[in-house]
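Chains as they are written, first to last, in the numbering used here: chain A, 85 to 392; chain B, 489 to 849.
Bear in mind the hints are in silico, worked out from the structure with no lab data behind them. Don't take every hint at face value.
[To be verified] So the derived list for chain A, only partly shown, Cβ under 8 Å to chain B, looks like this:
1) Leu183
2) Leu185
3) Ile303
4) Gly306
5) Leu365
[What the hints assert, rightly or not] Once the Cα atoms are required to be at most 27 Å apart in a straight line, the calculated DSS-like pairs of lysine-lysine come out as:
6) B:Lys539 <-> A:Lys193
7) B:Lys572 <-> A:Lys260
8) B:Lys572 <-> A:Lys371
9) B:Lys663 <-> B:Lys651
10) B:Lys572 <-> B:Lys725
11) A:Lys244 <-> A:Lys260
12) A:Lys260 <-> B:Lys725
13) B:Lys539 <-> B:Lys549
14) A:Lys193 <-> B:Lys725
15) B:Lys725 <-> A:Lys371
Ideal Cβ positions, reconstructed from N, Cα and C, are used throughout, including at glycine.
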Amino acid sequence: MLDIIVSVLTRTIVAGTPLLLATLGEIVAERAGILNLGIEGLMSTGAVTAFIVTFATGNPWLGMLAAILMGTLLSSLHGFVCISLRANQVVSGLALTMLGLGISGLWGKPYIGRPLPERMGRLNIPGLSDLPVVGKILFNHDWYVYLAIVIGIAIWFLVKHTSMGITLRSVGENPKAAESQGIAVIRVKYLAVMTGGGLAGMAGAFLSTAYSGSWNEGITAGRGWIVVALTIFALWRPGGAFLGAYLFGGIFVLQFMLQPLGVSPNLLAMLPYLSTLLVLLIYGLSKSGQRRMSAPATLGEPYVRGGR
Amino acid sequence: MQIDLLPRERSTATLNLLILLGSLLAGLLAISVVFALNGVNPALAIFSIFKGSFGSWYGIKETITKAIPLILIGSGLALAYKAKFWNIGAESQLLVGAIFSTWVGLNWGPHLPAIVLVPLMFLAAFIGGALWGMVPAVLKIRFGINEVISTLMLNYIAAEFVKFLVVGPWKGASKGGYPYTDDLPAAAILNQFPYSRISPVLLILAVTGALILGWLVYRSRFGYEIRVIGENTYAAKYSGINFFRTLVVLMAISGGMAGLAGAGELMSIHHYLSYPDSLSAGYGFTAIIVAWLARLNPAYTIVSGLFFAGIVVGGDAIQISMGMPAATVDIFNGMILVFLIMGDFFISHRVRIRLGRTVDA
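Please take these sequences and the hints and turn them into a complete structure.
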């Protein structure tokens, strides 16, 4: 029994890691008022980029770096369309997802079914990793798991406790006022979107070079969309992203744990998506919950400098 | 040099069309770059796509076949987007429509003549798609849940449910272990034009459907309410428009149209329910761009639907002739959509470039 619990918790943390990375990124972007529905495409492109680079160099760290760069680059396209050309953010994000899925399919085709020579290594902490139960659950993972946690804490600190965080939030809540305070609103928005894109790329890199060690189309399996929902679930707070990501990581694991019990795998596969709706419904049941679900004030609206 | 962006007060139809064509051209150029970077001859690839779709009678017939679901779905999406209700769930509204009509076909089909059965199956499909489409409308208005999320989650849920049906309770006894339902009775199968897969009934349904929705948006009281909601939520609230009723009815129609497309694929092409991705080749997503290219006028989806059907058919052709992956069509779709919304900027803004020394005003 203990073995099962240890195994479930260990795998929950692993499955939650890509969700955590990408949700943190989406929180940063949305706090600056930019909705990015392109996460699914960014993750997928990140996954294929990391795979190809790791395959060629044998170095998963280079793969991670390339995926972050690719995510940043692709999301700057979303930035250009939505920020500079003031286009509809919903449609631009959808276009980005299609584009990302298409590009990753094209680039990844020769690599389908080929195993990676080198996966991202594990971080072994002498002493801690050898602890009986806790060591296995918490201190025996690959680097991504810890990087995600460190990045999460850093973003939480930056958003909550520094002037950078105030800048970011004011750009999303009241860009006119921010502009009059001398904040370069457009630049902050670009940086926020590109940060979000980089983290989505990194989440994808985790999937292909640490989690599965292979590339196939559909590797992201809707995680990018769940991330958009988790951002709401987290109420745009990095702390909430931790809770949401690991909760849904657990739901992904549960799906495989219940399978031997004879439940239809297809019905189990609905779990993450049903849970997403359920979680949002719980907020939506009360008026106060609905108020809390309200996004940063100018989310999705184009910003016109010096405009009305 | 200084570049100024100024709001454009008025835009002419000619200018709109020129910008539209310019956007398409720029999109094709960008796609060429992606192909070239990947070592594919872009001119050959793009030529092959359009040759595959519009370059032969076979191609043209296939293009019309695939335009039918795109027009049905795209016109329904245009209706929803007109009210700024972002229905991304057409893919699953199509599936639920197919489930409903399969049930009617398998259970009542053997006892009914075609003249009764076919309309009944279409009706069932419309009701199925409509019910599935109304869920996100209710979730949004009553519970404040973002419709992009809910429609996407419903896509995954419906797709898994279809898989569950065809490997489980609905698995056909005559299908030797394959994940298909039994064949629909002969009375449920739609006739096709000779030497093609085009069903006349479906073609008429799609074209009249798009025209009726076009009339609905621009000529009816309901359409007026939809446009007010889309253009100015506050004005809509003060003018006493019933949000709940309008959006629920709107999504019933939008989902219902996708449901009809599902029934059409089933009754004309497949003849049995099978895995979701064989029933719909991503029509629900491609139709989003069909709606956008039609500038959200449901009637124009007849043209934009044909154009994107051409890309789908041509995409299939170059998969075979040039060994390109299925995802190539996604690159086309994504890139063209990006450039279309970029083009919108130049419809609403004009760019003034002043050369030489600039004086700050």
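A quick look at each hint next to the structure:
Interface restraint check for A:Leu183: the shortest CB-CB distance to chain B comes to about 3 Å, inside 8 Å, so the restraint holds. The interface hint given for A:Leu185 is met, as the beta carbon of that residue sits about 5 Å from the closest beta carbon of chain B, less than 8 Å. Checking A:Ile303 against chain B: minimum C-beta separation of about 12 Å lies over 8 Å; hint violated. For A:Gly306, the shortest C-beta to C-beta distance to chain B is roughly 6 Å, which falls under 8 Å, so the interface hint holds.
Contact between A:Leu365 and chain B, as hinted, is supported at the beta carbon level, the nearest pair being about 6 Å apart and thus within 8 Å. For the given pair, B:Lys539 sits about 24 Å from A:Lys193 by alpha-carbon distance, which is consistent with the 27 Å threshold. Between the alpha carbons of B:Lys572 and A:Lys260 the distance comes to roughly 25 Å, so the proposed pair stays at or under 27 Å and holds. The straight-line distance between the Cα atoms of B:Lys572 and A:Lys371 is roughly 23 Å, inside the 27 Å bound, and the hint therefore holds.
Between the alpha carbons of B:Lys663 and B:Lys651 the distance comes to roughly 15 Å, so the proposed pair stays at or under 27 Å and holds. Of the pairs offered as hints, the one joining B:Lys572 and B:Lys725 holds, with about 15 Å between alpha carbons and a cut-off of 27 Å not exceeded. Restraint check: the Cα-Cα separation between A:Lys244 and A:Lys260 comes to about 21 Å, which is no more than 27 Å; the hinted pair holds. Between the alpha carbons of A:Lys260 and B:Lys725 the distance comes to roughly 26 Å, so the proposed pair stays at or under 27 Å and holds.
Simply put, B:Lys539 and B:Lys549 have alpha-carbon atoms about 13 Å apart, close enough for the 27 Å limit, and the pair holds. Note on A:Lys193 and B:Lys725: the hinted pairing is violated, with a Cα-Cα distance of about 51 Å set against a maximum of 27 Å. Between B:Lys725 and A:Lys371 the CA atoms are separated by roughly 19 Å; this keeps the pair inside 27 Å, and the hint holds.
Hint violations for this structure: numbers 3, 14, all remaining hints satisfied.
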